[in-house]
Every structure is written in structure tokens, then in C-alpha cells.
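First to last, the sequence lines map onto chains A and E. Be aware that the first sequence starts at 353, since it is given in our numbering, and climbs by one per residue. Be aware that the second sequence starts at 353, since it is given in our numbering, and climbs by one per residue.
Calculated from the structure, these hints are not laboratory results. Check the hints yourself; a few may be wrong.
When chains are identical, the list treats them as one kind, so a pair holds in a single copy or across two.
Only pairs whose alpha carbons sit at most 16 Å apart, straight line, appear in this in silico EDC-like list of lysine to aspartate or glutamate [what the hints assert, rightly or not]: (1) K398 x D496; (2) K477 x D464; (3) K439 x E427; (4) K485 x D464; (5) K506 x D549; (6) K356 x D410.
Protein chains: 2
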Amino acid sequence: MVVKVYGPSYASPKRVIALFIEKGIEFEVVDVDVFKAENRNPDYLKLQPFGVLPVIQDGDYTLYESRAIMRFYAEKYKSQGTELLGKTIEERGVIEQWLEVEGHNYQPPLYDLIVELLFGPKMGKTPDEKRIKEDEEKLVRVLDVYEERLSKTKYLAGGSFSLADLSHLPFTQYLVTSLEKEYLIRDRKHVSAWWDDISNRPAWKKVLQLYPPPF
Amino acid sequence: MVVKVYGPSYASPKRVIALFIEKGIEFEVVDVDVFKAENRNPDYLKLQPFGVLPVIQDGDYTLYESRAIMRFYAEKYKSQGTELLGKTIEERGVIEQWLEVEGHNYQPPLYDLIVELLFGPKMGKTPDEKRIKEDEEKLVRVLDVYEERLSKTKYLAGGSFSLADLSHLPFTQYLVTSLEKEYLIRDRKHVSAWWDDISNRPAWKKVLQLYPPPF
Chain A
353 MVVKVYGPSY
363 ASPKRVIALF
373 IEKGIEFEVV
383 DVDVFKAENR
393 NPDYLKLQPF
403 GVLPVIQDGD
413 YTLYESRAIM
423 RFYAEKYKSQ
433 GTELLGKTIE
443 ERGVIEQWLE
453 VEGHNYQPPL
463 YDLIVELLFG
473 PKMGKTPDEK
483 RIKEDEEKLV
493 RVLDVYEERL
503 SKTKYLAGGS
513 FSLADLSHLP
523 FTQYLVTSLE
533 KEYLIRDRKH
543 VSAWWDDISN
553 RPAWKKVLQL
563 YPPPF
Chain E
353 MVVKVYGPSY
363 ASPKRVIALF
373 IEKGIEFEVV
383 DVDVFKAENR
393 NPDYLKLQPF
403 GVLPVIQDGD
413 YTLYESRAIM
423 RFYAEKYKSQ
433 GTELLGKTIE
443 ERGVIEQWLE
453 VEGHNYQPPL
463 YDLIVELLFG
473 PKMGKTPDEK
483 RIKEDEEKLV
493 RVLDVYEERL
503 SKTKYLAGGS
513 FSLADLSHLP
523 FTQYLVTSLE
533 KEYLIRDRKH
543 VSAWWDDISN
553 RPAWKKVLQL
563 YPPPF
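With the rest of the complex left out, here is chain A:
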């Protein structure tokens, strides 16, 4: 049974696709055009009642929320492809910690910047400069903690690439290539080396080649 992933053009579904490629899991994609509000179609809302991306279908098993999908497949195919959940439950605990940091501290201000500076203007909205400034300040505080952490360990959760690092790829890619804010990464020696390492993984390059972001 090939897993179907909805919405490959967008950022969050790319977490799932990167994981599938890292693990060697077969998948197919189903396009969803958010700019045509296809994520608000009744058929889509039956799969994902909040109308957000991604959702996967694996036979009669349906699952949404990118980080939940990643955890499920990283566990289901634990011994196949790249090990992403650690070797012990203590290691997994630290991976979960940084995955939560990504979800609660890193992504929210970065997502907001992407909405203000990329999606909003495409919908005819004027960027809110005060909000942009606040988001960037929040992101700076998070990246300062990352810099300190990455001065001690090669990856966020320790010596090995994990789900916590992988989860940063799609939105950081926007920060670097579309928002013209690459300096936030490059101003920090260890964050910069980490970004070079994780963004050059063959799986991530393959994701960008197969499903280039819409802008």
C-alpha cells in the first residue's frame, strides 16, 4: 500500500516527504491548492477537519499533523533507513524536547513572518511592520539558544541527525531562500554549520527538486 501525502507544494507536508525519503518509504502525492481554497473543500475537511496541511492516507488509516505523522512512520519503520528517534528512550526524550521547541518556539514567529512577507502580499495584504519586528526579535532569541546548544552538540538533540533537526528544514528553507533573512542563520557560526549540514542531506535536496515551493 503506497502512502498518499496531501499538499506537497507547501512547507509542513515537506516534513513528511523528507522523512519518507530518509526512511525509504514509498509514497505518492495529491496536490491541494490553498490559493484556490481546496483545503476548505468538504472532501478535504472530511480528512482534515481544521483545513490545514498535510494529511496522509495509508489504506484506511488517515493521520494529520506533520509531526505526528513523522513520529508514526519513524517508529513503524524504525530499523529501515535513517534512524531518527534515537537509540534509547532517554535519547528519544531529548529529541522530543527539541521537536517541541521547534513546534512552539521556532516555527510560530517564522510562520508569521512567512505569512506577513510572502503569503499576505500575494493575497493583497500590506505587511504589518510592527508584527514583523516582534517576530524577528522572537526568532533571534530562539536562534541564540540554538547557537549555544549547537556549540556543544553537532545536532540539536545530540551527536546524530534526528526528527528534531529534520522538522526545521521546510520553514528554515523559506527563511533562507525567500524571506531574504539568511543573515539570521549566517550571523551564528554553529547554527550556520548546522544549516549547511542538514540542508545538504540528499533527502532534502530531493524534496526541493521534486516539489519546489510555490515562491
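Could you slot chain E onto chain A? The hints should help.
The following block gives chain E in isolation, referenced to the frame of chain A:
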């Protein structure tokens, strides 16, 4: 080795304490007074560099982010006390999905309401009525999805109480007892029955008795 939990007065650490009681894990608490900025003390920041609660210390193992701590102990003591992660990886997948929904859809507008209506005024800030209205609208949309879901399954992730339900307890308790917005729960038949069920669990009643919220 008894696990130390920092900040038992506040909401997020109560997730961890409720889990410890459900699982029968011994713990002790360390008070942290956020209103005296003790969460910004250098010693605290060494344990939790973002200056937020909770953090745990278990011998030389330190972990933060309440949902990561819960996952770690629910896995470590899988066969002890209440089973909170499901019997199969498919069940765990659905639990993880609703745990992510709680973290990304439910908690952010509710947390914001608590800051605007409870914490802010205590610090001398005037509530932002526009923001309060937007947060409540967001919460209504999430609770409408919960109502539909809970009309089909007794708990969010299926027939059994899980980490996903438990994670809702501390902030929903504020909604019901301090924000005077209990109607958001009571207007929805299935959400209301679910809240009565989960908030009457002995573990949760014990948490509130041991560590009453500051207001």
C-alpha cells in the same frame, strides 16, 4: 531517584504532575515564582534556556517541554499505572495527532486569553478586547471540531483516556474556573461530557488539591 518537577503552581507543569500521579511515579516539586522572575535566574536558565516552565531533573537527566516529558515517562513506565500511549503504533499515531492539535490549535488561543484576562491585569496591563475576541473565535472553531469528534469517540484519540486528553486539563481548568468562559464547554454536549469525565479523574483532583493555581 525521585524526579524533581519545577513550577507546580503553573499550568504546564501540572501536565507532568498529573501524568506522574496517573502512572504512580514518585516526584518532588521545586517552586518557581514567575511573578518574581525566578524563571529568569541564571541557575534556572541553565536548566531551561528559554526561561519557561516546566523542567524536570531525574538524577543527571534533565528534560523540558511538558509534552516531551509526558511522552518520556509514559514510555519509560509503559506497563505501570494508566496506559496513556495506546496499545499499537496506530493508536499511538492518533494520540500524537490529537496531542499536536492540543499544542498547536487549542492551547495558543486559550493561553493568550489567560494572559490577556488574568496574567496581564495582574501586571497592570489593560486587556486587548480585539485580541480577546479573535482568540475566542479561534477557540470556538477548535471546540466545534472537538464536538464532532467526541460525538463519535468517547475520548479524543478513541475509546480510552490518553495523553491527548490529559494534556488539555491544566489550561481548560483555567477556562472553566478563572476565565468565566465555562459556557464554551457547556454549550457543547459531547465536549461537556468529556470535560466532566477527564476533570473528575482522581489524579487531576489530586493535582488541584496539592497545587492550587495562583488565581
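Outcome of the hint check:
Taking CA atoms no more than 16 Å apart as the test, K398 paired with D496 passes between copies only; the shortest distance there is 14 Å, against 41 Å inside one copy. Taking identical chains as interchangeable, the C-alpha atoms of K477 and D464 lie at most 16 Å apart only when both belong to the same chain, with a minimum of 13 Å there against 24 Å between chains. Taking the closest pair of Cα atoms, K439 and E427 come within 16 Å of each other both inside a single copy (12 Å) and across two copies (14 Å). Taking the shortest alpha-carbon separations for K485 and D464, only the intra-copy value of 11 Å comes in at or below 16 Å, while the best inter-copy value is 20 Å.
When the C-alpha separation of K506 and D549 is checked against a cutoff of 16 Å, the pair qualifies only within one copy, where the shortest distance is 9 Å, while the shortest distance between copies is 45 Å. When the C-alpha separation of K356 and D410 is checked against a cutoff of 16 Å, the pair qualifies only within one copy, where the shortest distance is 6 Å, while the shortest distance between copies is 41 Å.
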